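**Student:** Residue numbers (this note's numbering), protein chains in the order written: chain U, 715 to 971; chain L, 617 to 1171.
These aren't lab readings, by the way, just hints derived from the structure by calculation. Some hints here could point you the wrong way.
Sample of chain L residues facing chain U (criterion: CB under 8 Å; computed from the structure) [what the hints assert, rightly or not]: (1) 769; (2) 785; (3) 825; (4) 826; (5) 1120; (6) 1124; (7) 1154; (8) 1155.
Note that the structure is a prediction, hence the values are computed from the model and not measured. Backbone N, C-alpha and C fix where the C-beta goes; we use that ideal spot for every residue, glycine too.
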Amino acid sequence: MSARKQVATGDRAILPEGAKTIPIFVMGKRYEVPETLTIMKAMEYAGFKFLRGAGCRGGICGACPTVYRGEGDYKLYFGLACQTVVEPNMFLAQIPFYPANRAQYDIETIEPLADAVHALYPEIFRCVACNNCSKACPMKVEVLDYISAIKQGDLARAAKLSFDCIQCGMCAGRCMGELPQYHIAQLVRRLYGKYMQPGAAHLKKRVAEIESGKYDALLAGLQKMSHAELEKIYKEREREPDMVGLGTWMPKDVSHL
Amino acid sequence: MSYTPQMQELIKKVEATRPERVARAKRGENFPALNLEERAVVLAKFHPDYQEEGRRPLRVGPDKGLVVPEEVRRVMESRSMLHPEKVDLSKLDYDTDVLILGAGGGGTSAALMATDAGLKVIVATKLRHGDANTMMAEGGIQAATRECDSPYYHYLDTIGGGHFTNQPDLVAALAHDAPISIAWLESLGMIFNKLPDGRLDCRHFGGSCRKRMQSSGDMTGAEIMRVLRDEARNRRDRISILEFCPAVEIILDETGKCAGAILYNMETREFFIARAKAVIIATGGNGRLHIKGFATTNHYGATMDGVVMSYRAGVGTTCLPSTQYHPTGVAFPEQNVGLLITEKVRGLGAHVLNVDGDQFCFPLEPRDVESAELIKEAIEKNKAVVTPTGRYGLWFDSPMIDLLHGEGTVKKELPAKFIQFERHGIDISKQPMLVYPTLHYQNGGIAINADCETVVPGLYSAGECTGGLHGENRLMGNSLQDVITFGRRAGISASKYVSGGVELGKLTLEHVARFEKELVDAGITDSIVAPILLPDYSTDQVSARRLVEGRQESE
């Protein structure tokens, strides 16, 4: 294999000139890594090649939850390896999977009621409101608040409160009552989206128009057009103004709607 | 790492021009957009796709002679992980109706449609279910659902944005199915941003003539993926998900039909023979090949596996040389470099500014044009900010959003991005961001028709691994729509094919042996083994100490 040039390209971490290294402890074992890197890039710098424990590398997929602690500090901290910057003498371990219970259901037949959620996840009443779940959340979701909302039957509030959940499972891992919070929240959000948020009337109408074949001839015509013809109508198309409300503006030419 | 004192000084220049720019924006005045001729000039001079350096012709396979980026050629002219003649294909480990390779938005949509048709499905995926670029798409999904819009304009915007290089039947299929796909997602319980009466909130984006971007906060793709995955889990009696088990080779039968794939359990390093009446490739993009050394917004597994495998099976490509550079990748702080800042930020009215705090381009040009304009401002005009780690950045004035749409809009519309920057001490509702183009999307790929068929009977493909829909430049929101619309189409087409009765003959990897012979005949002796599956980010120092691997490679 040919030698690689020492430049910071792509996603490979390097030790920039003049930068310091700091010690971190990966599962108890010491490595020297450049400061300012994320835990993920620092571990790769140290020679780890992830199989589990790396995903989107952008803080949204939940593949790389990590628990860590500072030297001499009893307190546990939680973060995503791809988003958390290394600190000197941190002790860390990844928890890339958590074996939480998930209930099966049929979205078409389930009733969008709190009772249905409680029946699928009776363990929700084992919650002792210790708030360890919220403290463990790398997305700062108020996990306890949404669990409380579900217990109280306010599914809409729970859907909104849990919206930023990336389903990494850290809440479940820290739960005294052994709740699978993130699976319960997923169920509640789907109930909210399907049954509680009002449907889009204009969407329903458009789907009916499409299925009736209303646009078939227009689309067939476009496919046969020459580059020059297409370019002409592309240049001439009207642009909807930025600052007008939805549903208020209509183009001058309505013949292609 | 929050902004340094020097950078904070520069931010004052942005703040100085802001009131006047906001006032102009409120009057509906914009920096003038380029016409088609001006676009062509800036693209030719500054877009990496248009430069000859780093591009070479393919020497083997159905697209022999096609000039592609070196990094793409390296995996296309690769050898198999297996010795094809030594694999015993008579012992089946799995046998199913439909085998889907990849478990992102496209693969999962296909799986749901195939089970709707009553078929048994196996989904084999490299990482976890949902580990895919779909999950990362932030800004939204296009569909002409509104009264002032129609599939006609969706078609026009898409093909104009793609510089009229798109494959027309695919564009028509997209524009036609898009509202149906949105209605399907709504019926599965996806949460969209809606007005109180249920109307879908829609916004402009680069290259749009109508507000057509539906969204779900700034995690539209994540919301789609969560819902699809949850639904697939509810159907576990019909959909088996094999995680950490990617395909490494397509299997054909003796008559040339697709007949399955070889799967590789990355945790135990075992290979499995999976026979299937139909195979759908939905393996996603290639950002992790790091073309020209660019940073990428892509998922860890985006290594172009599907194109590599199907190329060996005789399937050519469409628009393969074209890559999308997203104009607004993070340039600071260093921990976030390369990550995407959704185009929705431009849609919400934020200006892109140079080091003097001045606008230099229309903020809603199509992505390739916008990228080229940013590169031009940095390289030719020398008007970029240089970060402490020596990277170029241009200001992206997110605080304008609250001034235009009301206090709290940034937090409400861009919650994930807000948190991502807040972690590093930057409040993007008060401070601008620094951005520079980043490798974002594989525009080209496996050649398909509007039914997702390839030239090999029984082999289908959908999503980012395919080519033609976006031509040489993709518009925002068409990628999520691509995976849903064509994922669904692939599932439906494959189901019809299987339900029509498929008799498989003897399984074979003869095509792989033939491809490797072609490599030898072309004098290619230094080919790597691919699919590469995961990128290698080991440092030179670490690689040099891996003595055993060094010895194995030399033998």
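**Student:** Work down the list of hints and note, for each, if the structure agrees.
**Tutor:** Verification of the supplied hints:
no. : hint : result
1   : 769  : holds, 7 Å
2   : 785  : holds, 6 Å
3   : 825  : holds, 5 Å
4   : 826  : holds, 5 Å
5   : 1120 : violated, 32 Å
6   : 1124 : violated, 31 Å
7   : 1154 : holds, 6 Å
8   : 1155 : holds, 6 Å
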